[in-house]
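For this one, chain A is given, so just place chains B and C on it according to the hints.
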Amino acid sequence: MPLWQIYHPVGTYGDPASKISFAEDITKMYTKLGLPAFYVVTNFIPLPNEDILVGGKLRTEKPFIRVVISHIAIKMPNDDAVYKRSTSSIDAILKPHIADKGYDWEYHVMETERRLWKINGLVPPPWKSDEEQLWAKEDRAVPYDGAY
Amino acid sequence: MPLWQIYHPVGTYGDPASKISFAEDITKMYTKLGLPAFYVVTNFIPLPNEDILVGGKLRTEKPFIRVVISHIAIKMPNDDAVYKRSTSSIDAILKPHIADKGYDWEYHVMETERRLWKINGLVPPPWKSDEEQLWAKEDRAVPYDGAY
Amino acid sequence: MPLWQIYHPVGTYGDPASKISFAEDITKMYTKLGLPAFYVVTNFIPLPNEDILVGGKLRTEKPFIRVVISHIAIKMPNDDAVYKRSTSSIDAILKPHIADKGYDWEYHVMETERRLWKINGLVPPPWKSDEEQLWAKEDRAVPYDGAY
Numbered sequence: 001m002p003l004w005q006i007y008h009p010v011g012t013y014g015d016p017a018s019k020i021s022f023a024e025d026i027t028k029m030y031t032k033l034g035l036p037a038f039y040v041v042t043n044f045i046p047l048p049n050e051d052i053l054v055g056g057k058l059r060t061e062k063p064f065i066r067v068v069i070s071h072i073a074i075k076m077p078n079d080d081a082v083y084k085r086s087t088s089s090i091d092a093i094l095k096p097h098i099a100d101k102g103y104d105w106e107y108h109v110m111e112t113e114r115r116l117w118k119i120n121g122l123v124p125p126p127w128k129s130d131e132e133q134l135w136a137k138e139d140r141a142v143p144y145d146g147a148y
Numbered sequence: 001m002p003l004w005q006i007y008h009p010v011g012t013y014g015d016p017a018s019k020i021s022f023a024e025d026i027t028k029m030y031t032k033l034g035l036p037a038f039y040v041v042t043n044f045i046p047l048p049n050e051d052i053l054v055g056g057k058l059r060t061e062k063p064f065i066r067v068v069i070s071h072i073a074i075k076m077p078n079d080d081a082v083y084k085r086s087t088s089s090i091d092a093i094l095k096p097h098i099a100d101k102g103y104d105w106e107y108h109v110m111e112t113e114r115r116l117w118k119i120n121g122l123v124p125p126p127w128k129s130d131e132e133q134l135w136a137k138e139d140r141a142v143p144y145d146g147a148y
Numbered sequence: 001m002p003l004w005q006i007y008h009p010v011g012t013y014g015d016p017a018s019k020i021s022f023a024e025d026i027t028k029m030y031t032k033l034g035l036p037a038f039y040v041v042t043n044f045i046p047l048p049n050e051d052i053l054v055g056g057k058l059r060t061e062k063p064f065i066r067v068v069i070s071h072i073a074i075k076m077p078n079d080d081a082v083y084k085r086s087t088s089s090i091d092a093i094l095k096p097h098i099a100d101k102g103y104d105w106e107y108h109v110m111e112t113e114r115r116l117w118k119i120n121g122l123v124p125p126p127w128k129s130d131e132e133q134l135w136a137k138e139d140r141a142v143p144y145d146g147a148y
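Sequences listed follow chains A, B and C, in order. Residue 1 is where the first sequence starts when you use this note's numbering, and the numbers rise one by one after that. Residue 1 is where the second sequence starts when you use this note's numbering, and the numbers rise one by one after that. Residue 1 is where the third sequence starts when you use this note's numbering, and the numbers rise one by one after that.
So here's chain A without its partners, still in its complex pose (with noise of 0.2 Å):
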């Protein structure tokens, strides 16, 4: 459900550890609202340094890092307070990965609408049910009445 997409220079991130690292500090962030780990994706973009401009120009001192989050599964109310807490929670997920490597950066969340998404040809539990605590169980998608 949250779509993490991470647009990166070729070589950032060069180690699949330091990729595992960043995901899993993500999907925490999500499993701690209850929500199945496998619901986080993370996709590592990575583009040549040619192809990533910032005011026109390309980035010649540090890398540019460019997140954009999709969430879906649960729709935040229109709340300053609500919006604050949850774009604090993302700066703590990045901290270690992106700003403290000295890298820039800037992220997005949009968020889209919950029944226009399925897992695997199922409707996602609605949150904090008692399906969805199955899911989070066995961290697959698991059949169930109405997920058709």
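Hints are supplied without guarantee of correctness; some may be wrong.
Put simply, identical chains are the same to the list, so a pair is met inside one copy or across any two.
To be verified - Listed below are the simulated BS3-like cross-link pairs for lysine-lysine, each with C-alpha atoms no more than 27 Å apart in a straight line:
| hint | residue 1 | residue 2 |
| --- | --- | --- |
| 1 | Lys95 | Lys32 |
| 2 | Lys75 | Lys62 |
| 3 | Lys101 | Lys32 |
| 4 | Lys101 | Lys75 |
| 5 | Lys137 | Lys57 |
| 6 | Lys62 | Lys95 |
| 7 | Lys75 | Lys57 |
| 8 | Lys28 | Lys95 |
| 9 | Lys57 | Lys32 |
| 10 | Lys57 | Lys28 |
| 11 | Lys137 | Lys101 |
| 12 | Lys101 | Lys128 |
| 13 | Lys128 | Lys57 |
| 14 | Lys84 | Lys101 |
| 15 | Lys62 | Lys137 |
| 16 | Lys28 | Lys101 |
| 17 | Lys128 | Lys32 |
| 18 | Lys95 | Lys57 |
Note that these hints are calculated values from the structure, not bench results.
Chains B and C in isolation, oriented as in the chain A frame:
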């Protein structure tokens, strides 16, 4: 208009014929609604295995396909039954190309503003208009009064 | 803030200078509104020819460029004239870089929530604020009261 972005591991859909067949089936879903075939854009986005993480883990057993669908031409009414019909249509398309191959997958649809969309510099004509029928028949963006 | 993702066939825009020129023109569209240049991120996303299908068909005659634009800093009012001005501005940018080269193209703009957006861990200052002017002048994210 519909933009289908299919993030898949390098090697999956390795044969161009498998991509064409997949994209043909996607296209049919929209031409059935009367939309021009050339509205339907499918971008396969190949990612190295190490760049696809689900629940913070690399995928070792089977491919994971993440499909991101953008709908622009037709905004669905906020109606459970309509959403359900739409996702069922998508499920039917994905079955032979993903499910039957034994892959895991997830998709979501986002809907965006029709008035912020152009093809070859032209405003696409209203749904079911005569101009749209001409676009469908000629399978290309044909200038018309009101297209600029 | 504006994020321009330009999906193009490998080889198109093969010369880095053509990308810089394109991204410079995109950037000007936003700096004219008073926004900082570094807000404007352009990602060129090269795809193999066989990964771009239009109407279920591979493109053999001429390149097809698909541009996806995310607007975050400024939400347009729901007003036909405003949308039209915005798309006309985009058309003008695309002309020398796509239309005049004889390519086919399509674009759409999506607008997302400003409060779910940060740069280098900072909340971007309100449009036309003194802080934004400072960001524009220094062309970087400068800490300020309220940025956290």
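Same-copy or cross-copy closeness of Lys101 to Lys32 [CA-CA at most 27 Å]: For Lys101 and Lys32, only the intra-copy Cα distance (26 Å) is at most 27 Å; the inter-copy one is 33 Å.
Checking Lys28 and Lys101: alpha-carbon separation at most 27 Å within a copy, between copies, both or neither? Answer is within; shortest intra-copy Cα gap is 21 Å, inter-copy 30 Å.
27 Å Cα threshold - placement of Lys32 relative to Lys57: between (39 Å within a copy, 17 Å between copies)
With identical chains treated as interchangeable, where does the CA-CA distance between Lys101 and Lys75 reach 27 Å or less: within a copy, between copies, both, or neither? This pair counts as neither: shortest intra-copy Cα distance 32 Å, inter-copy 33 Å.
How would you classify Lys62 and Lys137 at a CA-CA limit of 27 Å: within, between, both, or neither? This pair counts as between: shortest inter-copy Cα distance 20 Å, intra-copy 41 Å.
Within, between, both or neither: how does the pair Lys75, Lys62 come out at a Cα-Cα threshold of 27 Å? For Lys75 and Lys62, the Cα distance exceeds 27 Å both inside one copy (35 Å) and across copies (30 Å).
Within a copy, between copies, both or neither: where do Lys28 and Lys95 come within 27 Å Cα-Cα? within (14 Å within a copy, 31 Å between copies)
Up to 27 Å between alpha-carbons, please classify Lys57 paired with Lys28: within, between, both or neither. So Lys57 and Lys28 pass the 27 Å test across copies only (12 Å; inside, 35 Å).
Please sort Lys95 with Lys57 into within, between, both or neither, judging by C-alpha distance up to 27 Å. This pair counts as both: shortest intra-copy Cα distance 25 Å, inter-copy 20 Å.
Is it within a copy, between copies, both, or neither that the alpha carbon of Lys128 lies no farther than 27 Å from that of Lys57? between (46 Å within a copy, 23 Å between copies)
Up to 27 Å between alpha-carbons, please classify Lys137 paired with Lys101: within, between, both or neither. Between copies only: 26 Å across chains, 34 Å inside a chain, cut-off 27 Å.
Within a copy, between copies, both or neither: where do Lys84 and Lys101 come within 27 Å Cα-Cα? within (24 Å within a copy, 42 Å between copies)
Hints 2, 4 and 12 from the list above are not met by this structure, while the remaining hints are.
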